[in-house]
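*Asks:* Knowing the structure of chain H, use the given hints to seat chain U on it.
Those sequence lines, one after another, are chains H and U.
Under UniProt numbering, the first sequence has 41 at position 41, and the numbering climbs by one with no breaks.
Under UniProt numbering, the second sequence has 57 at position 57, and the numbering climbs by one with no breaks.
Hints listed in this document are in silico derivations from the structure and should not be mistaken for laboratory results.
Just so you know, even glycine gets a beta-carbon here, dropped at the ideal spot from N, CA and C.
A couple of the hints might just be wrong.
To be verified - Which chain U residues stay away from chain H? Per the calculated CB distances, all over 12 Å, these:
| hint | residue |
| --- | --- |
| 1 | 30 |
| 2 | 62 |
| 3 | 76 |
| 4 | 99 |
| 5 | 108 |
| 6 | 113 |
| 7 | 136 |
| 8 | 200 |
| 9 | 212 |
| 10 | 213 |
What the hints assert, rightly or not - If you want a taste of the chain H side facing chain U, the calculated C-beta under 10 Å gives, among others:
| hint | residue |
| --- | --- |
| 11 | 21 |
| 12 | 22 |
| 13 | 26 |
| 14 | 49 |
| 15 | 85 |
| 16 | 88 |
| 17 | 89 |
| 18 | 93 |
| 19 | 116 |
| 20 | 118 |
| 21 | 136 |
| 22 | 147 |
| 23 | 166 |
| 24 | 169 |
| 25 | 188 |
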Amino acid sequence: MTLPAGVERHDFDGETSLATQGQPVYGERTDGDWRRWDPHRSKLGAMLEHGMETGLEGDETVLYLGAAAGTTVSHVADFAGPTYAVEFAPRPVRELLDAAESRQNLFPLLKDARKPERYAHVVEPVDVVVQDVATRGQARVAALNKRFLTDDGRLLAAIKARSEDVTADPADVFDNVREELSAEYELLETARLDPYHEDHLGIVARPRED
Amino acid sequence: MSNGWFAGLDPDDDAAAVEQIEAGRADTPEDWPQQAVEAGFADDEAAYYDRLHEVTMAATSAAVAEQEGADDQQLVHAVRAMADCERTANELAERVAEWGGSRYGDSGSGVEYARSLVERDDEDEGDTALRALAEQTAGLADEADSLRAYIERTAPAVAPNLSMLAGPVLAARLISLAGGLEALAKKPSGTVQVLGAEDALFAHLKGNAPSPKHGVIFTHEYVRGTRREDRGSAARALAGKLSIAARIDHYSGDRRSDLQAELDERIERIQARAEEGDE
Numbered sequence: 001m002t003l004p005a006g007v008e009r010h011d012f013d014g015e016t017s018l019a020t021q022g023q024p025v026y027g028e029r030t031d032g033d034w035r036r037w038d039p040h041r042s043k044l045g046a047m048l049e050h051g052m053e054t055g056l057e058g059d060e061t062v063l064y065l066g067a068a069a070g071t072t073v074s075h076v077a078d079f080a081g082p083t084y085a086v087e088f089a090p091r092p093v094r095e096l097l098d099a100a101e102s103r104q105n106l107f108p109l110l111k112d113a114r115k116p117e118r119y120a121h122v123v124e125p126v127d128v129v130v131q132d133v134a135t136r137g138q139a140r141v142a143a144l145n146k147r148f149l150t151d152d153g154r155l156l157a158a159i160k161a162r163s164e165d166v167t168a169d170p171a172d173v174f175d176n177v178r179e180e181l182s183a184e185y186e187l188l189e190t191a192r193l194d195p196y197h198e199d200h201l202g203i204v205a206r207p208r209e210d
Numbered sequence: 001m002s003n004g005w006f007a008g009l010d011p012d013d014d015a016a017a018v019e020q021i022e023a024g025r026a027d028t029p030e031d032w033p034q035q036a037v038e039a040g041f042a043d044d045e046a047a048y049y050d051r052l053h054e055v056t057m058a059a060t061s062a063a064v065a066e067q068e069g070a071d072d073q074q075l076v077h078a079v080r081a082m083a084d085c086e087r088t089a090n091e092l093a094e095r096v097a098e099w100g101g102s103r104y105g106d107s108g109s110g111v112e113y114a115r116s117l118v119e120r121d122d123e124d125e126g127d128t129a130l131r132a133l134a135e136q137t138a139g140l141a142d143e144a145d146s147l148r149a150y151i152e153r154t155a156p157a158v159a160p161n162l163s164m165l166a167g168p169v170l171a172a173r174l175i176s177l178a179g180g181l182e183a184l185a186k187k188p189s190g191t192v193q194v195l196g197a198e199d200a201l202f203a204h205l206k207g208n209a210p211s212p213k214h215g216v217i218f219t220h221e222y223v224r225g226t227r228r229e230d231r232g233s234a235a236r237a238l239a240g241k242l243s244i245a246a247r248i249d250h251y252s253g254d255r256r257s258d259l260q261a262e263l264d265e266r267i268e269r270i271q272a273r274a275e276e277g278d279e
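The following block holds chain H by itself, in its conformation from the complex (with noise of 0.2 Å):
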């Protein structure tokens, strides 16, 4: 697998890790203008650690859903074009604007991904939608945003096994998202976030023609 262009594994005090440049969000380590992209704290990170073919390259345009405090965005922007974030918690959005500070190409926008009809105003075509929304309904968020990815787009998305339902086997709450999925997406690839992330499904698909 391929990293994109502006992601390197670097070494932090002799620990070998993922890491992008730009201005620290979270107290990551820091090594001169390399951040550490910690796998733990970030589902796409996560992603990446495991060798999955997300297809980015870097300098993409980005429709982020499920911004939350900035975390894995921050990281998405230091490599990626234009990166519009989308989040509808008010609370974590202040550490989001704090990220969006000194990133010229992030535009935080408070907003709910379940009514895409709401930033489609400011959200143009995107090469990649990444989604982390911990609400039920996962693929119909996905199917919603589908409007957003350009024919040969890409969409990297962390599934919640939890948000769907608490009581169910995970593996059978991700066969029903994958089902789902499949309506709107050819599933490219698919494989759990552990140990990094317990109960999460990595996914990348690109869509169907209509």
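*Replies:* This is chain U only, laid out in the frame that chain H set:
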């Protein structure tokens, strides 16, 4: 074709740009950077992105401040004001309809009829007086709508779980009826179930009426959409989850998306009784 956030904006008008980011809509994304350059809103794409960064930072910061500034008492005022505006608009609309019927003979009714009179040309002083009243009626109905929009924006910040399960407006009504989020969190779920049905409850306690099965939670689709025999069960299940949601919102503020899944399952089981009964 949909419009980008910059459509019709003076490139230097910060306040209008912030408003457009917050309130604008489009069904599908388009190549906004290119369109903005073509429309002369920005000199080139780099300038567009610089402006977009400024404007999204300002808009998001303002939206966060508004939502965080919201507390349960503000929500109580807003939902009571909305109810006042709705009730008064409806009362005035009846008056307008009665008066309008006497003058023009049409049989319209409600706020829509009042709105239709606003456009009418005056021929005498009576027309003017009636049209002025119709305008006030429509204005009150508009005010109710904008209060509703304010509640929909702010209730999820005050009570995220309760708003998720009940919807923002019903969440605000429950908080209002209890007198605040803390008061609601302290009520047993049986009380939450009949909030808003106090008249029926006291009639029952005096011994001359059946106990009410539900109060304002009747407006929730899970109660209204359940057949009559099972509505009591549905109302009890919903009230139970709403009480838990209110307690989490008051005491911890965490978002618990699994509550929705649990409620959905309970209601599904209750509504399935109707099918079993048919067999």
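*Asks:* Against each hint, give a clear statement of whether it holds in the structure.
*Replies:* Consistency of the hints with the structure:
1. 30: 7 Å, violated
2. 62: 9 Å, violated
3. 76: 20 Å, holds
4. 99: Its Cβ never comes within 12 Å of chain H, the nearest being 40 Å, so this holds.
5. 108: The claim holds: residue 108 of chain U sits with its nearest Cβ about 33 Å from chain H, beyond 12 Å.
6. 113: 31 Å, holds
7. 136: 32 Å, holds
8. 200: Non-interface label on residue 200 of chain U holds, nearest chain H Cβ at 34 Å vs cutoff 12 Å.
9. 212: Non-interface label on residue 212 of chain U holds, nearest chain H Cβ at 31 Å vs cutoff 12 Å.
10. 213: Answer for residue 213 of chain U: holds, closest chain H Cβ roughly 28 Å.
11. 21: 19 Å, violated
12. 22: 15 Å, violated
13. 26: Nearest chain U Cβ about 18 Å off; hint violated.
14. 49: 26 Å, violated
15. 85: Result: holds, 9 Å to nearest chain U Cβ.
16. 88: Constraint on residue 88 of chain H satisfied, holds at 8 Å.
17. 89: Status holds, d = 7 Å.
18. 93: Residue 93 of chain H check passes; min Cβ-Cβ to chain U is 5 Å, inside 10 Å.
19. 116: 8 Å, holds
20. 118: 6 Å, holds
21. 136: 5 Å, holds
22. 147: The hint holds - residue 147 of chain H has a Cβ within 10 Å of chain U, the shortest such distance being about 6 Å.
23. 166: 4 Å, holds
24. 169: Constraint on residue 169 of chain H not satisfied, violated at 14 Å.
25. 188: Violated: closest Cβ of chain U sits about 23 Å from residue 188 of chain H, beyond 10 Å.
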